[in-house]
Amino acid sequence: MMLLHIRKLFLVFGLMLATLAHAEVVPPDVLVKQITEETYVYVNQDPALQKGDITKLVEWAEKSILNQFDFNRMTSLAVGKDWRQASPEQKKLLVAEFRKLLIRTFANAFIGIKKEQRMEYKPFKLNPEDQTAVVKTLIIKPGAKPLDVNFSLEKMTDGWKVFDVTLAGVSMITNYRDAFTQEIHNHGTDGLIKMLAEKNKQLESKGKAS
Amino acid sequence: MQVLSKLTMRHWLAALALAVSMTGCATTENANPRDPWEGYNRGMFQVNEAVDTILIKPIAVSYDFIMPEPLRILVTNFFSNIGDVMIGVNDILQGRGEQAFNDLGRVVINTTLGFGGLFDVAGNAGWYKNDNDFGVTFGRWGVPPGPYFVLPILGPSDVRDTFGWAADLAASPLDLVLRDPTAYYIAWGARFLNTRANLLPAEKIIEEAATDKYSYLRDAFMQNRLNLIYDGAPPGLDGDIESEPAVKAPTDDGKISQQ
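Just so you know, the sequences run in chain order A and B.
The first sequence runs 26 to 235 under our numbering.
The second sequence runs 3 to 261 under our numbering.
Honestly, the hints are just simulated from the structure, not real lab data.
As the structure is a prediction and not an experimental result, all values here were calculated from the model.
Treat the hints loosely; a few may be bogus.
[Claimed, not checked] If we take Cβ atoms under 8 Å as the criterion, some of the chain A residues that face chain B in the derived model are:
1) Ala121
2) Arg129
3) Asn133
4) Gly194
5) Ser196
[As the list claims (entries may be wrong)] Here are the computed lysine-lysine pairs in the BS3-like style, where the Cα-Cα straight-line distance is at most 25 Å:
6) Lys76(A) to Lys206(B)
7) Lys59(B) to Lys224(A)
8) Lys180(A) to Lys106(A)
9) Lys88(A) to Lys180(A)
The beta carbon of each residue, even a glycine, is placed where N, CA and C say it ideally should be.
Excised from the complex, chain A in its bound form:
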């Protein structure tokens, strides 16, 4: 009788430990689900966002979900092999400008998602030794082919971070590489920084005008 109790106690204790250990790191699939559902709920609760208030969505994203994204890695992937040649200062500026452009693009994409659309999460498996993972989802929209949206994540010390998003196989990150490489070859890394800064400025002023 006593033995049984002790065994039970051990079992409960073991389970608690296991949950505690897991609570430390949110697995990639759960993280992606959290990010997308949070954003979906936020976009749909506010009529201003439905009408396309990008600024408001970006402000919210900065506070809530963007620390789950690795913009350093994203920028290095977009720039490609020329990243090596950039100075630390140039890298900082590149990340800052590219981050701005990407957040706006993500916001634009998310704001278009309407109530009648829903997201489906494909089965996900993670091995304990995995350092990167791809979480596959599907956006289902009436009257359209479902859109494949995949999130690539990497394991960092402070949890999993998203470093790429692909839509129908098109990476929103590496899709920039040819354009960036060309700009660096024509006008150098500073040219690329300038081009991105101008693009962002132009989008900002457009946002204010409308």
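Following the hints, put chain B in place on chain A, whose structure we already have.
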């Protein structure tokens, strides 16, 4: 096959031949190796953009404005159902049995229960629509894509997919459904317009995201085709390690370590 599709096909092949003959004078520095005809392509891209801005987009915007969304979905579904026939055939040509079953099953269900394809009953039941065409079939059979090639009006393509597109057009059962040539033309126009209108939201995102719209669309086209051919798992794209010797796994402080 009707005269119309044969004629159109011949037009496109003539356009292709013309494009090939124009490539001699069309080399640009720092060109993408897959885009040796960048000079011609950028030119045709500009022409397409202009035609779209002046003519096609305004009509598509009006269409979008006039057509209530439920009605537009019916139009989309109708053409999508006809398209599913050849998607299923291509599945078979590629030896994808399960997908062929899904896609041809969609045609049967939607044509009957969905009132001639107006409603995507199958999709609502979880039989989702797939993407497939002759270009993908050729690709899976081992035909290389060849140079990137911007088609007049239709936009991004490559040599293989231009032939694929011609095969799609020739094989489409739309002319069997609509035997009257006038009805066929109208249907073709409606399909084109409907497709263009459906692209309006995506276009706005691309417009704001792209630093160079031409290369953005080109690279997106190439990635998307590769993804279709490799069934969602194209080689060498996962993390892009081979073309990316500088970027290693992130270090503890979250920065990218370098060699």
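- prompt: Looking back at the hints listed earlier, which ones does the structure fail to meet?
  reply: 1
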